[in-house]
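Listed in order, the protein sequences are those of chains D and S.
Residue 506 in the numbering used here sits at position 506 of the first sequence; the count goes up by one each step and never skips.
Residue 503 in the numbering used here sits at position 503 of the second sequence; the count goes up by one each step and never skips.
Watch out, some of these pointers could steer you wrong.
When chains are identical, the list treats them as one kind, so a pair holds in a single copy or across two.
[As the list claims (entries may be wrong)] As a list, the in silico DSS-like pairs of lysine-lysine whose alpha-carbon atoms are at most 25 Å apart:
#1 LYS469 x LYS444
#2 LYS105 x LYS13
#3 LYS105 x LYS57
The set of hints was computed from the structure by calculation and includes no laboratory data.
2 protein chains.
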Amino acid sequence: MKTLTTLEPLTTKLLEIQRINSAASVLSWDQETYMPAGGGRARAEQIAVLQGLAHQKLVSADIERLLSQWIDPSTGQAIDQPGDQWDEPSRSLLREVWRDFSRAKKLPSEFVVTLARECSLAQQVWAQARAQNRFGLFLPNLGTVLSLKREEAGYLGYTYSPYDALLDLYEPGSTIAMLEPLFATLKERLIPLLRQIVQRPIHIDDDFLRQPYDSARQLEFGKLVLTAMGFDFDRGRLDLSAHPFTTSFHPTDVRLTTRVDERDLPSCLFSCIHEGGHGLYDQGLDPQYYGTPLGDSVSLGIHESQSRLWENCVGRSRSFWQFFYPMLQQTFPDQLKDVNMDRFYAAINCVRPSFIRVEADELTYNLHIMLRFEIERDLIEGKTHPEDLPAIWNHKMQEYLGIVPPTDAEGVLQDIHWSLGSFGYFPTYTLGNLYAVQFYEQAKLEIPHLEEEIAQGQLISLRRWLEQKIHRWGRMFTPDHLARRVTGSSINPEPFLSYVEKKYGEIYQL
Amino acid sequence: MKTLTTLEPLTTKLLEIQRINSAASVLSWDQETYMPAGGGRARAEQIAVLQGLAHQKLVSADIERLLSQWIDPSTGQAIDQPGDQWDEPSRSLLREVWRDFSRAKKLPSEFVVTLARECSLAQQVWAQARAQNRFGLFLPNLGTVLSLKREEAGYLGYTYSPYDALLDLYEPGSTIAMLEPLFATLKERLIPLLRQIVQRPIHIDDDFLRQPYDSARQLEFGKLVLTAMGFDFDRGRLDLSAHPFTTSFHPTDVRLTTRVDERDLPSCLFSCIHEGGHGLYDQGLDPQYYGTPLGDSVSLGIHESQSRLWENCVGRSRSFWQFFYPMLQQTFPDQLKDVNMDRFYAAINCVRPSFIRVEADELTYNLHIMLRFEIERDLIEGKTHPEDLPAIWNHKMQEYLGIVPPTDAEGVLQDIHWSLGSFGYFPTYTLGNLYAVQFYEQAKLEIPHLEEEIAQGQLISLRRWLEQKIHRWGRMFTPDHLARRVTGSSINPEPFLSYVEKKYGEIYQL
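Only chain D is shown next, with the shape it has when bound in the complex (with noise of 0.2 Å):
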């Protein structure tokens, strides 16, 4: 049997290619949290040196001999020898390092090492942009970066739209043709959900999440959720960014971002959860494989699905805040001492068309998505051009969610995706919103009195299992595989739109 020890010569390699990229994603992690404005220009530089470097090794002739003694290079899959196979780690291994590798090749490294460098230049603009809300300030960095990336498309190759080959950088195996179908489903339940709940005449009140909220005790209550997830803080941070964002370094280096409005309970307090979700992932891969595929997240979407399952599925449930709201009231008990576990829950999940992505409710969130997948798929195929964004952008703001962002600022910039060229990466929240319910319910049925237990503020039994069943296997399975091997099924929306219409049907009294 050929097993991870036939593999040294490889992996020796790969740990090397990974503690550069891990060193990178240091600097950008700088980048956002504490690097001066001045020494954005120079940052950049030095990422994309960085990345060009790790781009180079990966393709180097080096990792293509080691890769084709043992990969068949037609099907990607290890090759048999006579009476001698891989077993199942080694035979996972060599099929994801040839899918990184054959990819990469694809690249030319003065191409990666040009849109490392946009890319980092274009967030800062963007942020710049964001502030000021000045559309045509980010424009011109816009087109750089969209073009680089139909460019990058190309490289790739695709079947039927350059979109697809993006998509597939973010979530392997997903494409238009499996995405279109899934947001016509979603588009069909959920309008006509949001109509109607629009149209009760029940009004929640949820101004007292808008009083003022002490931003050191926020800071202290967010940290307090997520040491009770199970976030390890000698293997991890929490700092503030402008967006919230989780990168790793090392399982035993993980470091959340959040963000703290005054005036914004949920802000800081979703975010915390939600990327705490994230940081349970990053630390519960296996540090051994650390730098191999086998130590490295499966996909953004069931990325996004532990993140989402924390934040939304434990997050905003009765059970979840059974425990945690006394203790939260005891924070703030000037704000909330008035205000009862009914109300605060109802708050919480309070379903209203708004702006932002990152603070909508569970229900408008897919439409959010929904927007951003078919604009950037018209922006990739070339139907649409950049300037004309804002005014598209608006447009089916309107068609969507019936409201129109009244700047730039809160609508067609508030992301730092297109900045960074993450052109397929927003169908992944919606993948991951999709897959967080299929999990949940399956914990549900694995776990006996998993609410009883959250709702004594254990949230071990769940974060082990989170571990057991996705964390630990990297990248061993592929997304769908994994899935079907957890919940007995690829990816349905059933779970979650039953679970929407369930827990807005109570709320709203449908």
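Given chain D, work out where chain S should sit, using these hints.
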């Protein structure tokens, strides 16, 4: 005339190497400021990979081929073709690149990676050992690092002592033969001066500096002084770390750290001013030369001269506090309203043998260095064994300062340097002290009314003078050449000795 344009194929390669080195510096900075404890092992490997890559690239055949057409390997100087000369920047650049290249070429790549990894680990163990006051915990790592540094000296080569090879890493041109007479002169005049002071019946009351001072306000005041010094916070930051330091990723991104002790006002204050002096040097380097020796600081001795000039010649002067003391009183009215300027000035200049180098007064400071110089020279020469360090340390403390530290944490474990492998670094602190006074005396000659300006809080003329005379030149001149260019003479202990004899003569009425 051949110019920097001729050298572009070389400087392009150097720029890539510098970017990798800057990335490694970001990782080290993060390790000291924000990294969670559990991340240390992975971080050490990440830094080691980057340093190994930078080293490989510096000693590559590409660079050797480029240099060999321009450099005479026996002299390390640029070759003048008939009728064609190099301009001064290019000639200096070649001389310094050759210095770096030929030195790096002597070290095997695996050795560089091992050294980087062991130092990163040793540094983390040192931090624990210091916190727990357990020299024995650090001893194995110290032994490993020491033997690696002796191995390094062997690779680098030397005429008289392996320690000379290490000294030259930090202060080009310095040797035991140059330092021993310098320390002898200092010893000869400082020890008697110290005895005289200690025997004076004058008691300087500095207890009021050890009242509780709010940490946040201490930091605010530190930033206020840094801003007045001209430190540009758009191109730099101030953070907290166990041991204050300055690091730079580019002239547009310079990071200072300090520490804050509620019951020790001078600690944060003077470490801010000290690190600010370093930071001004790094911000004053010419960004167009980033990546080449012309964009790098000339030596640690000269670097330290900048920090000590600001910390001592300026920051512990009457003129400086004439302006800043009323502001300090306003910041801490409860603690300082009854302390007049004379008492404050005497308190911050109180001479008292003490255990901790970084808190030592200007007079005893060099005795702390002399002790370290003698110990590390003997360690590297194999005349002293690491296990004997605590005893030797305490013996020399008794001899030079008349006191013995009660714990190793306040003795041999206090400094980070040996854990980092920085043997040969300490003497640059004394060189810095001497250069600082030499430069400051020259500045007073050249800037009319300098002390009057300082007394009005105007520190900008001094910063500009330093930038023009020292910072902007990078490694254009050798440290000794620079000193002669600025002050008309090589390093000279006389200005320093006159300065301390005059200053303390007044304070202690000798």
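Tested hints:
| no. | hint | result |
| --- | --- | --- |
| 1 | LYS469 x LYS444 | within (13 Å within a copy, 72 Å between copies) |
| 2 | LYS105 x LYS13 | both (16 Å within a copy, 24 Å between copies) |
| 3 | LYS105 x LYS57 | both (10 Å within a copy, 23 Å between copies) |
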